[in-house]
Each structure stands twice: as C-alpha cells, then as structure tokens.
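Start from chain A and add chains B, C and D according to the hints.
Number of protein chains: 4
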Amino acid sequence: MNNSIGKIYRLTSFGESHGPAIGGVIDGVPPGIDIDISLIQKELERRKPGQSHITTQRKEPDYLELLSGIFDGKTTGAPIGFIIKNTDQRSKDYSHIQNIYRPSHADFTYDKKYGIRDYRGGGRSSARTTASVVVAGAIAKQILKNVRISAYVNAVGEIEVDKDYTQLDLSKTDNNPVRCPDEKFASRMIKKIEEIKKRGDTIGGQITCVIQNVPVGLGEPVFNKLQAALAYAMLNIPAVKAFEYGSGFAGTRMTGSRHNDIFNLDGTTQTNFSGGIQGGISNGMDIYFRVGFKPVATLMQEQESIDKDGNKTIVKGKGRHDPCVVPRAVPVVEAFTAMIILDFLLLNQTHKLD
Amino acid sequence: MNNSIGKIYRLTSFGESHGPAIGGVIDGVPPGIDIDISLIQKELERRKPGQSHITTQRKEPDYLELLSGIFDGKTTGAPIGFIIKNTDQRSKDYSHIQNIYRPSHADFTYDKKYGIRDYRGGGRSSARTTASVVVAGAIAKQILKNVRISAYVNAVGEIEVDKDYTQLDLSKTDNNPVRCPDEKFASRMIKKIEEIKKRGDTIGGQITCVIQNVPVGLGEPVFNKLQAALAYAMLNIPAVKAFEYGSGFAGTRMTGSRHNDIFNLDGTTQTNFSGGIQGGISNGMDIYFRVGFKPVATLMQEQESIDKDGNKTIVKGKGRHDPCVVPRAVPVVEAFTAMIILDFLLLNQTHKLD
Amino acid sequence: MNNSIGKIYRLTSFGESHGPAIGGVIDGVPPGIDIDISLIQKELERRKPGQSHITTQRKEPDYLELLSGIFDGKTTGAPIGFIIKNTDQRSKDYSHIQNIYRPSHADFTYDKKYGIRDYRGGGRSSARTTASVVVAGAIAKQILKNVRISAYVNAVGEIEVDKDYTQLDLSKTDNNPVRCPDEKFASRMIKKIEEIKKRGDTIGGQITCVIQNVPVGLGEPVFNKLQAALAYAMLNIPAVKAFEYGSGFAGTRMTGSRHNDIFNLDGTTQTNFSGGIQGGISNGMDIYFRVGFKPVATLMQEQESIDKDGNKTIVKGKGRHDPCVVPRAVPVVEAFTAMIILDFLLLNQTHKLD
Amino acid sequence: MNNSIGKIYRLTSFGESHGPAIGGVIDGVPPGIDIDISLIQKELERRKPGQSHITTQRKEPDYLELLSGIFDGKTTGAPIGFIIKNTDQRSKDYSHIQNIYRPSHADFTYDKKYGIRDYRGGGRSSARTTASVVVAGAIAKQILKNVRISAYVNAVGEIEVDKDYTQLDLSKTDNNPVRCPDEKFASRMIKKIEEIKKRGDTIGGQITCVIQNVPVGLGEPVFNKLQAALAYAMLNIPAVKAFEYGSGFAGTRMTGSRHNDIFNLDGTTQTNFSGGIQGGISNGMDIYFRVGFKPVATLMQEQESIDKDGNKTIVKGKGRHDPCVVPRAVPVVEAFTAMIILDFLLLNQTHKLD
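Residue numbers (this note's numbering), protein chains in the order written: chain A, 1 to 354; chain B, 1 to 354; chain C, 1 to 354; chain D, 1 to 354.
Excised from the complex, chain A in its bound form (with noise of 0.2 Å):
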C-alpha cells in the first residue's frame, strides 16, 4: 500500500528512473467522461526535463502512452494504466556514484532499508517519479472541470513576491520558465537562477497554490481533514520540507479577534485567513497554500561525502540536475491538488443515497 496515494481516485505507482518504464493504474475514475490526451501530454511538457535553460538539460520526451480504461475518448469506468518510457539514460553519468552515499540524498537511507540499490540515477527513489503524479493529476483536472487550480511559484530562495495571490494574474504563470506571475520578479527570480548555477550551487524556493470553485462540504472533521490530505500529498514531493494553509505561520502570531473570518449574510467571509477550511471541511472560499522546497541536494561543485565502506570520498555531480526544482514542481503541485480534490469530491458522494 505504499505506492498508492487517494482513497477513491487512487494512483498507484511504480517505476525507477533508469529502467524501462515509469507509470502508474489509476482507479476510481468515474466512467463516461471526455478525456483530451493531449492535455495529459501539455502538463507532462510543463514537468519534464530540458524545457528551458534554468532546468535540467536531460532530455526526456516523457511520452505518455494510455493503456487502458480510457475508449472512445471517454473514460469507461475501468482503471486507467499508463507507461512513460525512460529513454535518456545515461547510466554511465552514474557510475561514479555506484559505492558512494550522496550528502542529502536518499542513498545512503535506501540502501540501509532495502538493502539493495539501484544506483543508476536515483532509482525509485527518482523524482521523475512524480510524471506518473502529473497523469493522474491532469486526467483529475479535467474530471473536475469548474475547480481552478493554479500553482505558481512565489519565491526563489530570497526573491519572494510581495503581493499575495489575489493581487497577481495567475493565467501569467506560464509566461516565463519560473513560472511566476509578476514578471519583475520573474526575471530577478531567473537571474538568480542563472547565477547560482553558474557556481554550480542550488538554490530553494516556494510554490503557492490556489484552488478556486470547491464546493462547500469536503473534508473530514476529525481525521482525513481536507488541509491534512493536501499536507500529505505535498510533503510526498521530493525536496517539500514545509507546508502552510490560510494564515500558516503568520497566523499564529496573531489574536483571534483579528484571525476570525467574519461571515458575510450569504456565507462567504470577508477576509480568508481560514484559508477556504474550517474544521477541516471546505467551506467555499478559495484555498490557498505555500509549499517550501530545499535547494537540490546535487551540486555541479566538489563536495566531501563516504563511500559504503565508511571511507572518506569527494563527490561531484556529472550529468544534468536542476539548480533550482520549483519551476518544474509547479505542474506536480497542481497534478497532487487535483487528486484530492477529486478525491474528497468523490468520497463526499458516499454521504448520501440515491
């Protein structure tokens, strides 16, 4: 049960970077449905590698290939099963890290769990892993139709945008590879990008999220509360060390009588700090949340590291890594969200009979 993610609408994944194929089954998709591929492929472009020169230069063409459940254009209500092939791999851009543990990666804790390990390029523990994540989240995009969701990436390391999501243009997100919708601070953002990865370094950065048009109703009161399942999902992206909702860290600095959302007569609030939940359940304000993403754990510079053995080793990433991961993690954060969303919908139907 641990390659699956969703109670209804559940992906369950399987794949290792350097072997034939990723993919994924997923279940629960409710039939009769149009489905358009080529938006399936759209939001597999906006992850994949070697979209613009901040990214990675590996090349991917991450073809999606629909094995079933899906007849006609529409889906039948049976699991949908996909494959990606890996056809870049250069495993011999590996080689050299076959015996050695990676500082911050996930080499030395695999190898300690399993046992075994697959050196070529992160093996399961890849993130090209989350490409299965984006076709389940565009085929949950496009079952859910009236929910908007909209990613964006709102700070590289210290860059941060200072308006907040209702004071941006979120249809601009797309225009430049930062994926930011302020265009001054795009391009401070991509500057900086540019020259963190000319010193072969890394650099963090933040994703807010908005999901607009959730009906009122979704969530749970005492556990599998709607921003505990978000929480989850995100903190399932490689590199995610934190989560917020609403007024998130600000607002525990704050009274409640300034916190509260006043009612408005017809049920909406006059300020958001909720953050489109209460109590755990959607209550039809727009949910809005930041995501916080380390610096890539792979640098283009020398560092000191061990080998299996415990002896001493000087590691240096050979082959192509990304010096900063928000602008592709946008699509994923976006694919996650949907996958709950239409997850709780679906889940919310079990409420009522006929």
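In case anyone wonders, no lab produced these hints; they're calculated from the structure. Just so you know, these numbers come straight off a predicted model, no measurement behind them. Take the hints with a grain of salt, since some may be wrong.
[Stated by the list, open to error] Cβ pair distances, simulated, as ranges:
| # | chain 1 | residue 1 | chain 2 | residue 2 | range |
| --- | --- | --- | --- | --- | --- |
| 1 | A | 194 | B | 271 | 23 to 29 Å |
| 2 | A | 167 | B | 264 | 55 to 61 Å |
| 3 | A | 39 | D | 65 | 49 to 55 Å |
| 4 | B | 63 | D | 148 | 36 to 42 Å |
| 5 | D | 34 | B | 262 | 54 to 60 Å |
| 6 | A | 353 | C | 51 | 49 to 55 Å |
| 7 | B | 32 | C | 45 | 25 to 31 Å |
| 8 | A | 199 | B | 302 | 53 to 59 Å |
| 9 | D | 38 | C | 250 | 36 to 42 Å |
| 10 | C | 51 | D | 164 | 37 to 43 Å |
| 11 | B | 166 | C | 96 | 46 to 52 Å |
| 12 | C | 250 | A | 34 | 45 to 51 Å |
[Stated by the list, open to error] Derived coverage of chain A by chain B (criterion: at least 3 residues anywhere in the stretch with Cβ under 8 Å from a Cβ of chain B; other residues may be distant):
| # | segment |
| --- | --- |
| 13 | 3 to 13 |
| 14 | 30 to 39 |
| 15 | 141 to 153 |
| 16 | 202 to 211 |
| 17 | 263 to 269 |
| 18 | 289 to 302 |
| 19 | 306 to 313 |
The C-beta atom is built at its ideal place from N, Cα and C for all residues, glycine as well.
The following block gives chains B, C and D in isolation, referenced to the frame of chain A:
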C-alpha cells in the same frame, strides 16, 4: 475510513463532545507488551481541560476505561477498545448558539456537509476528540520504548524561543503550565496568555517536536514518506495551520552548498538540515518538526456573525474556553507522533520474511 | 486493519467474551437517516444465548449502549460507537481448560499466534463477537429500506428442506426456534437437535440467504466482485466451512445450454442460476446463497486432547453451549449481508459526480 | 480500491481484453529475493489460451514485460510493474454482439453499471484479466519457497475423482491437458470435454487446492480469517460459484464427536476436517479447499437473447472459446492462493517488533 488513522497500528475514533462518551479502538497492537495504565491516564491529564489557570476552566476528569485487548497488564494482540465518559456537559452553555454559525468555527461547514448538527458544543468537531489520540499515543509510547518523543511550546504569539531544541533541556517542558522548557520564555508566554485572556481574546502559537533514537529505514521513497505521514497527522490536529520539518521554510532560502548535510564516517551527519529524513526515509539522526497553531476561534468578546437563515447576529463565547491552545496540544502532538513512528516500525517489519 | 470490515460502511470491532464489554465503531454512516434503536435490540435478541431450549442456556441480556453518531433519532454522519457489556461471565466454567487445547477450537492456534491467551471462554475467538456484527447489520438494514434480506435454516445435519426459497414463505422463519420457515422440516430439525443435545453431542447445518430488490450494478468486474464480498463475510462467521451462490456446486455439473439464464425482454431472466450476479455485478434478480456450518466443537462428552506442554488429557465441556449453531447464526448471516449490500451501494455512489 | 487485492502484498490490476495491454503493479514485495523470470512465464503458459485441443484456440503469446522492481535478478523492494500485450485481438469476432446482451454474461450488468461498454470481447470483464493474477502469484510462489501449493481438477461435470488429495500424486497434475492427476479420470474428463465441445456446448467443473508447509499462526480471529481471504480470492475468479474448505458442505451433516480433530501430542491432528485452519488461523496441517466453476456462458450454438433496446435476438458464439474452463483455471487458483498466503505471512510480521 474517515475516522481511522494508521496502516498497521490504527486508531478508529468515535464520539462527540456532548454525547455519553468518546472513545476508540486501536488495532494492530503487537501482543505480549507490558502496559502501565497509569501512564496513559497521566498523558490524558496533560491534555485535559482545567489543568491550570491559563487553560479552559472546564472540568472533565477524562477517566479512561479500557474494555479489551489488555489482560494481566499485557497487550494480547486483540484490539484495544476504550471509552472516556463525558461528564461535565454544560450543554446549556451552547444553547445560545444553536442556530448560529460562529466565525472561523466548523458550525457552517459541518452543517452544510451533514445537514444535521449536534449543536451541543463542537459535537464531532470538538477538540475533545483528541483525547482518543492521546490514549493511542500513550500506548504507542510504551510499545516504542527506546524512541524518545519530546514536544514543547516554542512560541506563543510573537514570543518565540531564540534557541533551537539542541540548546534546551527538554526534561523541563512540564515544569511550567505553558510547557516551554526555557523558564525565561515560559514566564513571558504565560504573562502574554494572561493578558490576552483578560481581554477576552485568544492567541496562536507553535510547538516543536523532536524524535530521538529512531532507527534508520522508516518511511517510503515515493508515497508514504515519513515526513508526509507526520504532516498528515499534525494537520489533523484542530487549529493547526502549518508544518515544517528540518530546515523548513528557512531552508527554502538556502543554497545547496550550505544546506547539504555532510556525512561523518559512521553515517551520521555533521549538520541536520534534513531533519532526520532523507528521501522520505529516516536516517537515524534526530527528527524534528514545527507545528503552527492559529488563535482559538471562540472569543469572550462580541463578534458579528450570521445565523442559519442568513440573518445578522452577535456571538460571544460563554462557558470556558482556552485563550491559547498550544500548552494542551503538546501531548496531542507527541501522541500522534508516537502513533506514526510505531506504525512505520510495524510496517517496516513486512520488508522481510523471518 | 484486521478488525475492520467494509470499505465505506465499515465496522471496527473489539472485545473479548469475558472482558468488561464487546463493541464496535461503525464508520461511513450517511447522515440524516431515522434509526429505531429498538429494532437493533430486537436483532440482538435473535442472536443472544438462552433464547430457546435448543440453544445454549447461557444468559446474556446483550443490552446495546449507543455512545455516538445518533442524535434525536437520526444518524449524524459521525461514527456510531457502541458497547454491549458482558454480564454473565462465569469464568470459572473455563478454569479447567486454562492450559488445555480443546479439539477443533482456536485454543492451539491462538496461543501459537499470540503467545498469550485469555483463557476465560473463547476470548477474542468467541462467537460472541458476532453481536457487534448484528448491531452494524441492524443499522444497515434500516438504511437500506427497500432491500429485503431473509435468511433461514435450510438444513440441520442430514435433514434438508426439499424446496427452494421460492417455494417457502420466508415471513415464517422466526415462528419456530430453529428458524426454518417450513413447519414440517422445522419440527424434524428441532427433534434432531434435542436428540443430539441429550447425547452431549453437536450437529452442523446450513443457512440459505435471499436478498431481494437489490438495484442493478452493485459489485465490481475484476476484484471486489459482489459474490466475493459475500463469501468473505460469510467465511468470517465462526464454524462456517462452505459458501455457494446461485447454482453453486450443483451448477458445476451442468452444461452451459442448461445453465445460461435466458433474458426476458425487460432484462430480467427466465431462470436464475446466476443467483442475481453476472460478472461480479448484481443484475436485479434475487441474490441467493447458501452457507455451511460445521458442528460446534464443544461437546458435553469426554474427548481426548492435549495441554500446552504436550501431555495427554481429557476435556469435557462444562457450562452452557449450543448443540447446533445455525438457529442463532441466522441473524448474523443477515447482518453481514446487510452490511455488504449497503457498503456496495455507497461505493457505487462514487461512480458519478453530481 | 476496487482493482487491488491484498493488504501488504498487493496486486493492482488494469487492462481490457482488447486494448493495447493488460498488466498490473505489485506492491509490498520484500527486497533481495531471487526471481527467475522464466518461471513466471511458465505459469502464464499454463493459463494461456490455445495450449491444447480442449481449450480455446485463440492464440495469445502472453509475453510478460517486467518494467520495474527487479534488478540484477532480485527484487528491490520497489513495486513491480508489468504488462502483457494483447496481440490476437480479433475484435471483428465481437462486432456481431456490439448491441447484444449475451445470456449469463456480464454484458447487461456492465452496461447498466457503467453506461459505457467496450464491446470488443469481454473488455474489463474478460477472464483475460486473470493473467495479471498469474504473474503476481508466480512471484509470490518464488518468495514463499517452502510452502507448496498444488491445485488440480477434481471434477468435470459429473465426472468426479473418487479419491481425496492424500491419495493422489499431485506431481502428475500437468501430465495431461485437463490437469487431473488421476490418469483414468483425466481420460474420462477429456473425452467428456471433447464431446461437449462437439455439441457447441460447455460444461462446469471443480478444482481442489492443497497448501502444504504453511506455518502455524496465519489468519486473524474475528475478521480477516484465513479461510475468508481464500474464499474472497476464489470467488473473484470468473465463473466460480462455490467454495468449501476442510470438511465443507459434507461437514454440515456430521456430528461434533465425529468432526472434531483429535490432537496428537505434537500438536498435529489425527484427522483434518478442519482443513488446516482453526478459528481463522492456520494450525500447520494441510490447508485444502474446493472451488466450483459453472459452465462457460459462451456457446457455439444458438441461444435466444435481447439487445440493448429490449428486442429479441439470437446469439451464437463466434471465434474461439473454452468448452470447459477448469483446466486453464488451475494456475489461477494456485496464483491467488500464493498471493493470499504470502500476504498473510507478511502481515504476521507486524505482530512483533524485532
């Protein structure tokens, strides 16, 4: 499945704040383990209302009745059923809000979701449900034995302890009612809460939790990462808005060359920005995380609100409420943490056949 | 997860026969449904010991205490917690078997599995745990409304009713203590049980269950076929050795040309060898199945056995035991059936978005 | 969750008979175990169509492609993704039934449930989906090592082997195309199938399965009894109508004094009416059970039926179908059994901390 948490060591919870009892069933308990029931009761005392002048004065003895699964002081491997009777149910304290939606409470969302609301207190949305978590956590702690879990209040409003956990003596946490191991900061926090309470207002805060002696290898590489399970648990605690582990949001502003944890020859690391988890899997270093709580929504002052029919109204808390939730949330954070760690330890057993 | 059953409508059970109470938590209950508690109690009476001269004389009032999830006579959508206290615990009736493994009982396997055994009665292995199933089933029946579930005894030992269910008046099942709707066969069965009881022996039997007015479409095509869920539930009833639905084992001897159910123009079928399920999915016809029970293992006569240390010994049942389990198992079969049908109905709701 | 089976060792299946491929993902595979891929392929050959003159002449090579989770001949602990391409898809064989509901097929129920039907063959309802089960079972067999699982055909129509499994040499099962280890009965069965086939008719049958060297202690006392999991798996095999283990239906006619299995001093029993399971838990004796299959619904002769619009029509199977399903079902029964036993072995690991 919405009222269960955990995969192997699993708590299923039931009960509303003003019904006859709350309680739960704990499944997946290994047999033959000594349980000291007084230690469970002691954890309940740490959570219960009325324990000090800075918490609600509501008096509930929170007396645990164990109904199954423990025989002659040992776990039997059968599920542990338990109840805690609700004794101090001043339902009349709530009669004034029967048809009112309190700001930033679950009244509105609960009513919209279920179409029926137990208006006597929070009903199922009450934070009282966390008592069941404390029971399951207290049992998990006794099963874990070697793992040490220590949570403490690191901030109340803007008063934030200026040391990290390694500079504090965590055995002193319960020496004061605010549960901050730094006496100087504890005094300031208590004073702040007294002041806030006097104004009929409330304030947010933060809890830090440290897990020590966790074996290497807990957690999964793709979904079900250890940090994701911890985030999920924490975001299910009422009033929690934020979670970060290791370097957290601060890590998003760092470069990889600074953030990477360089190995010592024995596999430990010189720094611990990773927070004890690499690639979703524990690495044997301390795991630490921070949880942010919003200010309590019930104020002892008048606020505008609406009733079920969309009419304007005024609400003001009656009865007995917490001006700041973090001191009582400390045992809840520890309990959820113990449940997760035990669950992952048991899950890890399935990686091998004897 | 071993003490829960059901995916959406899910019972989590706890309790041993000689502890303070048995009970359970029912999750996934839709809100706003009228519940008549006396009807639940009535189902418990049908299962309870001491109800007639052909069942055990053990007296347990089996009084249901509901602790949550029902308010003002309606389900609230919150989990229903309940307990049934154990009152007539003559543990001394069991002291003679404390270290003995009774033949064809769970003593040996339980002890080997858990290394610890609550020797007071069957402990967790006691058929008394089925009382929790009866509660969950009685609530499911009330939620199902239109679906009619009727189980009856169709055989005691070699005495087998020579008509199928369509030739019987199923409203007469409870007219006699053996729960066989055919009066003539009922008399013969009762006489057989009296005779067996006099000899201190026991006898097996069979129960047929019919489910009427099930909507078309319940069940899944590959795993989670409706018949698989029914078989799973039935084989979890103590003493059950066999399950067949529709044509069952007799169907294995037939040709396809005879066995195929030819359609009427309205989609109903002329025969019903399929037993109301085709390809794992209900087809709207009556679902019917048969369950086989072995003879009760506890005999009121001497049998050879062994103790924990592998020494020969003699056991003889003391106290009060059933000579034939099927009359009391009828409400258990119905309860499990109701739980499964409701679970699949709710699960089916997830096939569509409103 | 409807397309997954197993709790720890879990297969998630996908694919329709006439899409590009079927396949699955196996989660919960312990790492470091040698896997001989040719043995998996060999099990697929036992199931595949066209293997003898008494099975369907449809030719599918059923060639397994492993995509992940096995590296250098060993399991890695990562999920095993695999596909089997559909190559011999004579969809035109089905064009005549596009709008027709075949008697005793899933056409009607599938259409009513999903509102959309892949009419090319059985679609998701095709028995071809059992190939994925065979893969997961073949891997489970290799992990189990010491446990021996042997299924064989014990009846075709009314021809039933007159010996029980202890009197047969189970190594001879695959010596003949009907997979009956008794040569004399095998000949009669084959003749019967040939005769039935000539008439364009079909016939049912039965499979017995024996599991040897199962350790004591698998299975749970209340829900998730070992026999319940086996029954669930078997009733998910297409065409299965009945399941009995140990004494089965015959046991319902016995007295307790005859049915009880008296212990030997070493904890084994003199008889084995219990079928190797007591109180839901394996006792170390052979586990054996019988599975009943109805006759195949597709006939090579004309039958009355209806179309989607409720008009009368005539159907007659075209293409290539099995006159009797049991010979090809033998590896499926074994595969499901291996999956269940392995799942329970792994689950049992969670009863202890190292």
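Comparing the hints with the structure gives:
no., hint, in the structure
1, A/194 - B/271: 23 to 29 Å, "holds, 27 Å"
2, A/167 - B/264: 55 to 61 Å, "violated, 47 Å"
3, A/39 - D/65: 49 to 55 Å, "violated, 28 Å"
4, B/63 - D/148: 36 to 42 Å, "violated, 53 Å"
5, D/34 - B/262: 54 to 60 Å, "violated, 37 Å"
6, A/353 - C/51: 49 to 55 Å, "violated, 33 Å"
7, B/32 - C/45: 25 to 31 Å, "violated, 38 Å"
8, A/199 - B/302: 53 to 59 Å, "holds, 57 Å"
9, D/38 - C/250: 36 to 42 Å, "holds, 41 Å"
10, C/51 - D/164: 37 to 43 Å, "holds, 39 Å"
11, B/166 - C/96: 46 to 52 Å, "violated, 60 Å"
12, C/250 - A/34: 45 to 51 Å, "holds, 46 Å"
13, 3 to 13, "holds (count 5)"
14, 30 to 39, "violated (count 0)"
15, 141 to 153, "violated (count 0)"
16, 202 to 211, "holds (count 5)"
17, 263 to 269, "holds (count 6)"
18, 289 to 302, "holds (count 9)"
19, 306 to 313, "holds (count 4)"
Checked against the numbered hints listed earlier, the structure breaks hints 2, 3, 4, 5, 6, 7, 11, 14 and 15; every other hint is satisfied.
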